[in-house]
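Visitor: Sequence:
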Amino acid sequence: MDSDGTQDARGTHASPVPRPAGPPEVPAMPPRPPRAPGMPPLPDGSAFLTWLRAPRPDAAPGVWRFGHRPRPAEEPEEIPTRQLLSGALIAFLVGWLIWSLLQNGYLGTWWWVPFDLIVPDAWRGGDSDLGETGTFVVYQGYELLVALGIMVGAARLGRWGEVWRRFVTPRFRRPEAQETRTAPEDDPAQWNELRAAGAPDAAERLATEACSGLMRDVDHARILRAWQGVRTGRHSLATFTGAVLKDGAAACLHPSGERDLPARLARHDLVTGQVRLGTTVDDARNPYSYRGTGLALGPDLLGTSLVAVGPAGSGKTGTVVRPLAESLCLHALAGRAAVVVVGAAGAGLGPADAYDVVVRIGNQDSEYDLDLYGGSTDPDEAAAVLAEALVGDLAEPHPGSDSRRSTTVLAQLLGPFRAVHGRFPSVPELRQLLDGAPGPFAALRQGLQEAGQESLLRELDARERQMGQPGDVGGVLGDRVALLDRPAFAGFFDTSGQSRPFTLKALDHPVRVRIDLPQRGHADASRMLARLVLAQFTASVAVREDRSLFACLLLDDATGVVTPEAVRGIQRLRSGNAGVVLTLRTLDDVARPLRGPLLGATGCRMALSGLTPWDGQDFAEVWGKEWTEARDVTDRQIIAETPAGKAVHMLRRVITGKAPTARAVTVRQVERERWSASELAHGVPAGHAVLSLTDVKGEHAPPLLVDLRG
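Heads up: the sequence shown at position 131 corresponds to 330 in our numbering, and the numbers run straight through without jumps.
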């Protein structure tokens, strides 16, 4: 059973990942719930059990489901506080006045008629069968009933119940216990599904470890993933049971041997797969059902891809990319996902210990290298990906354009070189071939002639004829390759087998990868490498065998990365159970013809505070308009016609300083933008963002104002 997510996650033919010498430490779980007086102490695994048994009701896309309490879809009409309190007080005074008038006889004795009709004559008077005390009780009881009737009427008119619920009940409400008591047949800690499938011993072992505090959230998610493999037929029940009985909660470990991350900064719920990014603001522009709820993302939303736009310092890396990277790394440890995080060196994308592979391009101490050709053995496929990386940004900025000429030029060189040397050329060798150096060309021709590769000789001849001709893109490709042929990158992108290159073909396994780009001093090379990673990612996930594993690429700062081919690749990711997260400082970093297609290709769009009005206009257009209710209020001056009316109006003008007017209110339905460009540019507070969501099933949420600090 260790084969479930335990293959070499790096996919680089490297040595096995070293296992920890001792047992992993138990991660910090959610805080213990408050206990009511007299309740027994919590067992050792109570924190985990409380988290596992917490309610997670179905909710709209983006709602943090852990402990969520659903709200009505429409906002109930709420009486203003001043009006509510004044009405309650007036109703009390009116009730008290009526009772006082009845008691003092100012309203007559009609209210005693029911008493005379119901009460027997023998009960009245001091010489009745009940005696003086009994008669007093009868009379006082009737008066009490009348007083209660008046009080009930006053309470209904004055809405005393609403006053009690709004102002009194919250002050005396006790904190609710977070522990959820569940029936044994519905208790997820009892693993009843395993018992029903014929594995009671494994279920009992897991239940014991959960109650004793030896299980954590990653263990629970990882074992559930392994059980899904049994249900789908990828693994046998006997293998799964044997692994659980042997290792308990540590069964089916990730290849790294880790059961948690070194540290967590965000709030995660691995039962729903969500990570909490903030809180939806209680604002009139947000739907009522979302107001005050937690805002969370998971693979179901990231599967439609996310683009976040905001200036430097708006929180793209710290409040969006870092929590998502942390969440996907936890999913990878649970065998659910493969994640690749790309950003500048020192960008704060998580510690190196949180990843299986860390590629530090330009850092000679880097343990891993990046495969320039994406692990492909097909020259045409490698040429297409490499052409996208080198000159994809120079292609015509139109969704229908492509870079086939550049692909053809590279294929004319990569195919012959691989046929002769059994590998693709290194960066210096590729640069020489693109520059048309006579020595490498002659050696390549001789090798092809000796091997009898006539078809590849024709490819090489065609390349020689095109060199120096007007419109030849070989010179442009050579200039771009020269950006990688620098001393800082010496030893990188090696194809001789002497380094440990990472290839994105490893996304068939739950691998955690971080790629640090050398943006300082090599900005153009960094943008080119970012395009390379994106192109390799979109090409690799499309041919994966196991698409049940969610694959995600997080690209911090996608400046110069969005190309026509990249947009087409992003559109295809949803069907492959994959997605990308792109951050931009401004949409001006994307060619104007590609901005609309980019926002249309991504299902989740985020506009952070500090956006420019020009960027806001693009978001406003893609979010569209909605029908809303508009109220027009007009004041019309009242003209008196009689002398008495004129005197009254004159008196009101002297007292109020204003002429008497009559107010008219017109209500109509109008179509307006959900968020205008001006509101996005000037109405989003610092630390906030406006976010629209679409999940892989097609359900969507309108633009929501979210506090990323909540």
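Don't read these hints as lab results, they were simulated from the structure.
Warning: the hint list may mix true and false statements.
Stated by the list, open to error - Label-pair ranges, simulated between beta-carbon atoms:
#, residue 1, residue 2, range
1, Arg603, Gly720, 31 to 39 Å
2, Pro627, Ala741, 39 to 47 Å
3, Val675, Glu870, 29 to 37 Å
4, Leu284, Ala843, 35 to 43 Å
5, Trp363, Arg268, 34 to 42 Å
6, Pro254, Trp363, 25 to 33 Å
Here a beta-carbon is modelled for each residue, glycine too, at the ideal position from N, C-alpha and C.
Visitor: State for each hint whether it applies.
Guide: Here is how each hint holds up against the structure:
no., hint, result
1, Arg603 - Gly720: 31 to 39 Å, "33 Å, holds"
2, Pro627 - Ala741: 39 to 47 Å, "31 Å, violated"
3, Val675 - Glu870: 29 to 37 Å, "48 Å, violated"
4, Leu284 - Ala843: 35 to 43 Å, "37 Å, holds"
5, Trp363 - Arg268: 34 to 42 Å, "21 Å, violated"
6, Pro254 - Trp363: 25 to 33 Å, "27 Å, holds"
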